[in-house]
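**Student:** Sequence:
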Amino acid sequence: MTTELEFFHLFFTTEMIKSVVAHTNSYAFMRLVAGGFTTYTTGEGAWKTTTEDEINRLIAILIYFGLVRVDTAVEKYWSTKTLYHGLWARKILSRKRYKALMAFLHVVDPAEEVASNKLRKVEEFLASFKERCRMLYQPYQNIAVDERMVKSKHRSGIRQYMKNKPTKWGIKLWVLADSSNGYTIDFNVYIGKSQHEAPSQNGLGYDVVMKLVNPYLGQGYHVFFDNFFSSPKLVQDLFMNGTPSSGTCKINREGFPESMKDVKVWARNLKRGSMRWARESNVLTLQWIDNRPVSLITSIDSANDKKDVERRTKTRGVFEKVNVSQPYAFHRYNQYMNAVDRSDQMLACHNVSRKCYQWWKTLFFHLIDMAIVNSFLLFQSHRNSDPGNPALHRKSTYTMVDYREELVRQLCGLAEYDRPPVNEQVQAVPPPDQFCTAHLATTAANGVRRNCVVCYAEGRGERKVSTYCSAPQCNRHMHVGGEHDCFVVWHSRDYTGRRS
Numbered sequence: 001m002t003t004e005l006e007f008f009h010l011f012f013t014t015e016m017i018k019s020v021v022a023h024t025n026s027y028a029f030m031r032l033v034a035g036g037f038t039t040y041t042t043g044e045g046a047w048k049t050t051t052e053d054e055i056n057r058l059i060a061i062l063i064y065f066g067l068v069r070v071d072t073a074v075e076k077y078w079s080t081k082t083l084y085h086g087l088w089a090r091k092i093l094s095r096k097r098y099k100a101l102m103a104f105l106h107v108v109d110p111a112e113e114v115a116s117n118k119l120r121k122v123e124e125f126l127a128s129f130k131e132r133c134r135m136l137y138q139p140y141q142n143i144a145v146d147e148r149m150v151k152s153k154h155r156s157g158i159r160q161y162m163k164n165k166p167t168k169w170g171i172k173l174w175v176l177a178d179s180s181n182g183y184t185i186d187f188n189v190y191i192g193k194s195q196h197e198a199p200s201q202n203g204l205g206y207d208v209v210m211k212l213v214n215p216y217l218g219q220g221y222h223v224f225f226d227n228f229f230s231s232p233k234l235v236q237d238l239f240m241n242g243t244p245s246s247g248t249c250k251i252n253r254e255g256f257p258e259s260m261k262d263v264k265v266w267a268r269n270l271k272r273g274s275m276r277w278a279r280e281s282n283v284l285t286l287q288w289i290d291n292r293p294v295s296l297i298t299s300i301d302s303a304n305d306k307k308d309v310e311r312r313t314k315t316r317g318v319f320e321k322v323n324v325s326q327p328y329a330f331h332r333y334n335q336y337m338n339a340v341d342r343s344d345q346m347l348a349c350h351n352v353s354r355k356c357y358q359w360w361k362t363l364f365f366h367l368i369d370m371a372i373v374n375s376f377l378l379f380q381s382h383r384n385s386d387p388g389n390p391a392l393h394r395k396s397t398y399t400m401v402d403y404r405e406e407l408v409r410q411l412c413g414l415a416e417y418d419r420p421p422v423n424e425q426v427q428a429v430p431p432p433d434q435f436c437t438a439h440l441a442t443t444a445a446n447g448v449r450r451n452c453v454v455c456y457a458e459g460r461g462e463r464k465v466s467t468y469c470s471a472p473q474c475n476r477h478m479h480v481g482g483e484h485d486c487f488v489v490w491h492s493r494d495y496t497g498r499r500s
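Heads up: the sequence shown begins at 1 in my numbering, then just goes up one per residue.
Worth flagging that the hints you see were computed from the coordinates, not collected in a lab. A hint or two may mislead.
[As the list claims (entries may be wrong)] Now the in silico label distances, taken between C-beta atoms and shown as ranges:
1) Arg-134 with Glu-254: 43 to 53 Å
2) Arg-97 with Thr-167: 40 to 50 Å
3) Arg-95 with Arg-134: 31 to 41 Å
4) Thr-167 with Thr-42: 34 to 44 Å
5) Thr-13 with Glu-112: 43 to 53 Å
6) Asn-252 with Lys-193: 14 to 24 Å
7) Thr-82 with Ala-198: 54 to 64 Å
8) Met-1 with Asn-252: 43 to 53 Å
9) Met-1 with Arg-134: 17 to 27 Å
[Unchecked claim] List of simulated lysine-lysine pairs, PhoX-like, C-alpha gap at most 25 Å:
10) Lys-151 with Lys-99
11) Lys-361 with Lys-153
12) Lys-18 with Lys-91
13) Lys-307 with Lys-250
14) Lys-361 with Lys-91
15) Lys-355 with Lys-165
16) Lys-168 with Lys-151
17) Lys-130 with Lys-307
18) Lys-361 with Lys-18
19) Lys-193 with Lys-211
20) Lys-261 with Lys-271
21) Lys-355 with Lys-321
22) Lys-233 with Lys-193
23) Lys-321 with Lys-307
24) Lys-261 with Lys-96
25) Lys-118 with Lys-76
26) Lys-271 with Lys-233
27) Lys-18 with Lys-96
28) Lys-91 with Lys-118
29) Lys-361 with Lys-99
30) Lys-118 with Lys-151
31) Lys-261 with Lys-306
32) Lys-355 with Lys-118
33) Lys-81 with Lys-99
Quick reminder that beta carbons are idealized off the backbone N, C-alpha and C, glycines included.
Please take these sequences and the hints and turn them into a complete structure.
**Tutor:** Below is the structure:
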């Protein structure tokens, strides 16, 4: 395997693409039989069945939209106006076909959707994709669980609001990621409160972490999570399953040491860098004063290990740098907890996300981005492991953007350098004070006679003539000489009639 497309197809496999083709065609036939959507049919009113190549081109054009942003309207990508004419969308897929595929796109069998299932539009495809993410990658030792918001303002029961997140409205995912590189190992879509899957007595955060890390228990991994998920019971249960963990914790969690709940009173007169700790069974609880007191529970570190960190403090109106003693447990947590944030940063780079009324299409776009990021990380790892292979050589500054560009080219068979595609039917408009070709009065072959365009426009009725202007801008019949001399009037800058 030496190409970007081969690595991308590890996640969007041929079988998955074939299923999208079959389900899209099935859904199109169903909707057309039900009536409507004739805009997307052939001249005979039938649906032109899509193919694997066409779905690959649809994915390519979505990636292209992320690289070349035209945010006003998607139609601009095919516009023949100056500033837009020459964009490569028309070479990838026609505008009409793009809109048809987006209208009928389906990734599951439309005949087998269960109305009570909130994920019915994407569940089967989602399961296949998640399996590929897990199967293709062996994580490094440190992994992290966190939330991710996929931006969307659609209206459905799974839309969530999080006021403290940069993306406040959208689809919430629970994500397990590798802390070393941001690879998305596994994830689950949060569909809100469910009658079929009510949280256990240990709480939602506990259930989310246990479900995601279950395949990795007892294998030497260290798990990190924030105070939404953490609790002393979670850390204890993970430790009993052979998996040390660490996370910040709220003092009102069940099982939090009673002796450490008076954190505000304790920290009132202490200086920055002060700490205290307590241990119950295998769970160590630490409290450390930075800008404010922070609580952390861990089964990885001890309370004795410390390191100095640099902080800025204001003394007599002047900022200066000071060294502050920090428990090593906090340093380790800060070092490895950013896995999902790191993954989010890569996903946000030229993503394929587009405004969409249907939430599941927004999620499908996000899966394309996840496939790109994960395959890019595997591709880079493969290149580093085989530096002597000339087929894997890339420029030293090879980035995610270069990877996305190559994917578009390889999905569509485009060369790296080529002339931009243009609509050949569009004629250049000459300046108003000159003509690009000679305007000659010509007599029509075989004596063909048609209405004089000037006489008709000026209300003199239908006067048929055999003379016309042969210039391609004109190609209209008109009188030459005589009473009105329509040829001269037509070519005058003062003529006010329509020339189109």
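**Student:** Would you mind marking each hint as holding or not holding in the structure?
**Tutor:** Going through the hints against the structure:
no.: 1; hint: Arg-134 with Glu-254: 43 to 53 Å; result: violated (31 Å)
no.: 2; hint: Arg-97 with Thr-167: 40 to 50 Å; result: violated (32 Å)
no.: 3; hint: Arg-95 with Arg-134: 31 to 41 Å; result: holds (38 Å)
no.: 4; hint: Thr-167 with Thr-42: 34 to 44 Å; result: holds (41 Å)
no.: 5; hint: Thr-13 with Glu-112: 43 to 53 Å; result: violated (21 Å)
no.: 6; hint: Asn-252 with Lys-193: 14 to 24 Å; result: holds (22 Å)
no.: 7; hint: Thr-82 with Ala-198: 54 to 64 Å; result: holds (59 Å)
no.: 8; hint: Met-1 with Asn-252: 43 to 53 Å; result: holds (51 Å)
no.: 9; hint: Met-1 with Arg-134: 17 to 27 Å; result: holds (19 Å)
no.: 10; hint: Lys-151 with Lys-99; result: holds (22 Å)
no.: 11; hint: Lys-361 with Lys-153; result: holds (13 Å)
no.: 12; hint: Lys-18 with Lys-91; result: holds (23 Å)
no.: 13; hint: Lys-307 with Lys-250; result: holds (24 Å)
no.: 14; hint: Lys-361 with Lys-91; result: holds (24 Å)
no.: 15; hint: Lys-355 with Lys-165; result: holds (19 Å)
no.: 16; hint: Lys-168 with Lys-151; result: holds (8 Å)
no.: 17; hint: Lys-130 with Lys-307; result: violated (39 Å)
no.: 18; hint: Lys-361 with Lys-18; result: holds (18 Å)
no.: 19; hint: Lys-193 with Lys-211; result: holds (17 Å)
no.: 20; hint: Lys-261 with Lys-271; result: holds (19 Å)
no.: 21; hint: Lys-355 with Lys-321; result: violated (46 Å)
no.: 22; hint: Lys-233 with Lys-193; result: holds (23 Å)
no.: 23; hint: Lys-321 with Lys-307; result: holds (16 Å)
no.: 24; hint: Lys-261 with Lys-96; result: violated (64 Å)
no.: 25; hint: Lys-118 with Lys-76; result: violated (34 Å)
no.: 26; hint: Lys-271 with Lys-233; result: violated (31 Å)
no.: 27; hint: Lys-18 with Lys-96; result: holds (22 Å)
no.: 28; hint: Lys-91 with Lys-118; result: violated (37 Å)
no.: 29; hint: Lys-361 with Lys-99; result: holds (14 Å)
no.: 30; hint: Lys-118 with Lys-151; result: holds (18 Å)
no.: 31; hint: Lys-261 with Lys-306; result: holds (23 Å)
no.: 32; hint: Lys-355 with Lys-118; result: holds (20 Å)
no.: 33; hint: Lys-81 with Lys-99; result: holds (20 Å)
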